[in-house]
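Enquirer: Below are the chains, spelled out letter by letter.
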Amino acid sequence: MLAAIGVGSVREIFDSQIPAGVRLGRPLDLPDGLGEQEVYAHLRDLAARNSSVEDEISFMGAGMYDHYVPALIDMLTERSEFLTPYTPYQPEISQGGLQVMFEYQTAISELTALPVSNASVYEGPSAVAAAGYLAKLHNGRARFVVSAGLHPHAIETLRTHAHGYGMEVIEVPLSDGATDPEEWARAIDGDTSAAIFAQPNFYGAVEDAEALSAAAEAAGGGGSGQAGRRSEAAGGRPLVICQVDPIALGILKPPGECGVDVAVGEGQPLGNRLDFGGPSFGLFAAREEYLRRMPGRIAGETVDADGRRGFVLTLQTREQHIRREKATSNICTAQALNALAGVVYLAWLGRAGIVELGELLLARTHYARETLAGLDGVEKLHERPVIREFAVRLDADVGAVLRRCLQQGVNPGVDLHALTGRAQDAGGLLVAITERRSRADIDRLADVLGAAVAAEREAVAA
Amino acid sequence: MSPPTVTGVAAIPPRGGEARTIFQKGAPGRRAFVCPPLDVPGADAEELLPARFRRAEPPRLPEVSEPEIVRHYVGISKRNFDLDSGFYPLGSCTMKHNPRLHERVAALPGHARLHPLQHPERAQGALELMWNLQSALSEISGLPYVSLQPSAGSHGELAGVLLTRAYHEDRGETRRKVLIPDTAHGTNPATVTMAGMEVVKLATDAAGGVDVEDLRAKSGPDVACLMLTNPNTLGLFDPNIEEIAAIVHGAGATLYYDGANLNAVMGLSRPGDMGFDIVHFNLHKSFTQPHGGGGPGSGPIAVSERIAPFLPRPVVVRRESTHRNGRQGAPADERDRGEVPHANGHAPAAPSRTFVYDLDYDRPKSIGRLRGFQGNYGCLVRAYAYICSLGADGLKDASEVAVLNANYLLARLQEKGVVEHLPLAYGQLCMHEFVLSGGPMKRGLQIKTLDLAKRLLDFGYHPPTVYFPLLVDEALMIEPTETETKETLDGFADAIAAILKEAAEDPEIARNAPYSTPVRRLDEVAAAKRPVIRQALD
Chain A
1 MLAAIGVGSV
11 REIFDSQIPA
21 GVRLGRPLDL
31 PDGLGEQEVY
41 AHLRDLAARN
51 SSVEDEISFM
61 GAGMYDHYVP
71 ALIDMLTERS
81 EFLTPYTPYQ
91 PEISQGGLQV
101 MFEYQTAISE
111 LTALPVSNAS
121 VYEGPSAVAA
131 AGYLAKLHNG
141 RARFVVSAGL
151 HPHAIETLRT
161 HAHGYGMEVI
171 EVPLSDGATD
181 PEEWARAIDG
191 DTSAAIFAQP
201 NFYGAVEDAE
211 ALSAAAEAAG
221 GGGSGQAGRR
231 SEAAGGRPLV
241 ICQVDPIALG
251 ILKPPGECGV
261 DVAVGEGQPL
271 GNRLDFGGPS
281 FGLFAAREEY
291 LRRMPGRIAG
301 ETVDADGRRG
311 FVLTLQTREQ
321 HIRREKATSN
331 ICTAQALNAL
341 AGVVYLAWLG
351 RAGIVELGEL
361 LLARTHYARE
371 TLAGLDGVEK
381 LHERPVIREF
391 AVRLDADVGA
401 VLRRCLQQGV
411 NPGVDLHALT
421 GRAQDAGGLL
431 VAITERRSRA
441 DIDRLADVLG
451 AAVAAEREAV
461 AA
Chain B
1001 MSPPTVTGVA
1011 AIPPRGGEAR
1021 TIFQKGAPGR
1031 RAFVCPPLDV
1041 PGADAEELLP
1051 ARFRRAEPPR
1061 LPEVSEPEIV
1071 RHYVGISKRN
1081 FDLDSGFYPL
1091 GSCTMKHNPR
1101 LHERVAALPG
1111 HARLHPLQHP
1121 ERAQGALELM
1131 WNLQSALSEI
1141 SGLPYVSLQP
1151 SAGSHGELAG
1161 VLLTRAYHED
1171 RGETRRKVLI
1181 PDTAHGTNPA
1191 TVTMAGMEVV
1201 KLATDAAGGV
1211 DVEDLRAKSG
1221 PDVACLMLTN
1231 PNTLGLFDPN
1241 IEEIAAIVHG
1251 AGATLYYDGA
1261 NLNAVMGLSR
1271 PGDMGFDIVH
1281 FNLHKSFTQP
1291 HGGGGPGSGP
1301 IAVSERIAPF
1311 LPRPVVVRRE
1321 STHRNGRQGA
1331 PADERDRGEV
1341 PHANGHAPAA
1351 PSRTFVYDLD
1361 YDRPKSIGRL
1371 RGFQGNYGCL
1381 VRAYAYICSL
1391 GADGLKDASE
1401 VAVLNANYLL
1411 ARLQEKGVVE
1421 HLPLAYGQLC
1431 MHEFVLSGGP
1441 MKRGLQIKTL
1451 DLAKRLLDFG
1461 YHPPTVYFPL
1471 LVDEALMIEP
1481 TETETKETLD
1491 GFADAIAAIL
1501 KEAAEDPEIA
1511 RNAPYSTPVR
1521 RLDEVAAAKR
1531 PVIRQALD
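Here the protein sequences line up with chains A and B, keeping their order. Each residue of the first sequence is one higher than the one before, counting from 1 in the working numbering. Each residue of the second sequence is one higher than the one before, counting from 1001 in the working numbering.
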């Protein structure tokens, strides 16, 4: 090979390319390589030092949930044909991946009742930021109004991105667990680019999505200053963006029927494992008029030279590799394999299954909430309907209570104040229910939590 | 027309029948999912969820059995070309072999089924893994601080530009211009716009590097940053990199390294030593996280001392601990990179120090979060396994062989019969990839780069990256990677030569290619004109 190249050594190639001043003249300060068996043992040892949802009865949620992932998803996502291709730039040899994207888009459109879906973005919170960027491009207005019921990571991610593209973020507080309708209407005006809420919200509560959308439309008409004039041309109102939990959409009125312009959400509940937070996928669906401002890949149907049905990446003039600095997003690699898991999961659940699962979660969550609220020192944080998650307030130090429960092999959920830092969340505990948490598990949680709260109150009193 | 004889082996056999989606299969009432029994007391439906919040009709999801789902997706999977089936010389994408060990370790329940909000005390293995990976990426890049949070390369770029902006703002400076060479990946300028900054294009000099005079002229007090890929998208290491760094730093700007091409220099040259302030890694390229047909990826960033205070929250830290729970241990020291621990048999007999790992949110100057939770941990597990497997020498070997393979393939493609049609665009030798110009081929043989790419499909190869970088006429960007054999490279070079020879006799063959794929050339214009992006449902 060296003879064909015309050099005496590989070193010679590097010496001809890399200036002497920036060559690393020493080995990297890293350990020697290991054999496969040793690497496996090391990674297994690290895994053993984590407590997974297999090691405890876990009620943790807050954005990612311990749903059962059917075995066929592992089998399909591990297939070389899905696992190892690059983004489908050559459609003739990528029909499998492109068809999966097309099917995924169909499923997400159907779930959200919104006509256009892209092929996925990174994950839930960055999907919110991406939707904000779409709103900015669409109406050029100055501010985002977000409900405090949005996932705190989504709010922070939106702030990070919005600071980049020069937009302000205003947070609207909750009352009784849901977005305060008066504060919401008051915060939205002619300079509001997008009004953003979550359904169900971060505290588990079902929001009155139709009322929030209608209020946003009513309060956000007109406009002032230059931003206002630009926005009138673009429809003269803020975009309504809703962060959804896709698993709830089997039973919950979909965003497309609630006046929502763009629905985004964390896709993990749909057939993706927890993976300590990623990779998963972000779903992104919108009304038709936003199609050409959508971020990310979109698969479209067409025909080949022989007139046969086929699929391609389409509307690529939105994208960074064509439009460069004028692109609607910088996204390139997204989450194709995770979106595959998502659409396979939805096919596996099926038309009847997604409703049955939703009803089961609804019933168990209601039971769990009533059971826990019946304990001494535990009260509901709000009275709103809940679907798969709810918040309670403990009359004891949450961290200390959690430690007591964990000693019993039960992880009661997420310490709200630790996650949000909000004063009103002090004592808050967010409890998530999935189909993997049976009534027996819930009863065990009630026993352990009740005892832990009592013991903690006694310890403090003593 | 009747397809001509194909000389190579097609990787995907053509399949009959019209494509049908999962929504066009099955029958009413069919299903795969069996719902767990309702084991709690029933409650009034209206009390659980009032009707006004309820969905009137179930979403029209497929009604299919498990065997139908499996057969459907296995069937359409066979209409994909993939890295495990054949050569994938896609320039700037680093399609190297994906070891299956990585899938096995990532699937261990302690990794795969760990909740992202699990208390750090109960996720010590994950945090230690992240710490170790940060340490390794720090050493590889020559930059002291690392964030593993960004989800992919372009997300890392966004982090980098926001960091630059925060750095300048913290110093009370408003710098809005970002210099980008005309050879740059499209994500660079797109990112700059998203970060509220302004793109200023830099010219490329005759040798294929940054035009230093143009850089000097444009490096004023309003310049925030230079974004550079080195080696660049022409596969060339910029010979003036030290001077470039001096000019940029002299102007008070930062230097950003797009790590898409890091596979050329691991263990051989470090962005930090070249003067870069911020680097993003593509773990799905250099560190062999499988690409999944378009993700997931992971785009960690490494930064210099002056950029560190602005890193995204949270940051993985470790504290030395003599206490059992470590809470009262020594303060966090992020710069204490520590050693990547050796596995069984190689470990120090008894560690003299014990550490506790944690997530640090107390970062007052942080740009904030870029996403939920801690990043694409599953990708981090795979990248870490890769680094443990290769070690210091192995990473260097990987880059050396990547460069050797690229230069060998380049030499084979500059032989008589090919070079007349596909000359090297810039330089003599290359790093891990190179760019040929199909301009002479287009003029001499009347076939375009696109035709050559499509004809390669009939020979069982994934084509190179085409029509990029933009400044090369009819560009073909070829990156073979280190995991390909000489026989594979020879086979690919022979296929190119055969296609050119065939085109000299009858250019129509390439112009109408491919013939052996599941579908033939697709009408992309029609797809964009009247977009059909979902299955019509009854």
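Check before you lean on any hint, since a few could be wrong.
Unchecked claim - Straight-line alpha carbon distances no greater than 27 Å define the calculated DSSO-like cross-link-like pairs of lysine-lysine that follow:
id	chain 1	residue 1	chain 2	residue 2
1	B	K1218	A	K326
2	B	K1078	A	K326
3	A	K326	B	K1201
4	A	K326	B	K1486
Claimed, not checked - Computed Cβ-Cβ distance ranges for the label pairs, DEER-style:
id	chain 1	residue 1	chain 2	residue 2	range
5	A	A440	B	R1054	23 to 31 Å
6	A	D15	B	D1362	42 to 50 Å
7	A	R49	B	K1078	35 to 43 Å
Worth flagging that the hints you see were computed from the coordinates, not collected in a lab. Don't be surprised by glycine CBs; every beta carbon is placed ideally from N, CA and C.
Enquirer: State for each hint whether it applies.
Expert: These are the hints, each one checked on the structure:
no. : hint                         : verdict
1   : B:K1218 / A:K326             : holds (21 Å)
2   : B:K1078 / A:K326             : violated (36 Å)
3   : A:K326 / B:K1201             : holds (14 Å)
4   : A:K326 / B:K1486             : violated (42 Å)
5   : A:A440 / B:R1054: 23 to 31 Å : holds (29 Å)
6   : A:D15 / B:D1362: 42 to 50 Å  : holds (47 Å)
7   : A:R49 / B:K1078: 35 to 43 Å  : holds (40 Å)
This entry does not satisfy hints 2 and 4, going by the numbered hints stated previously.
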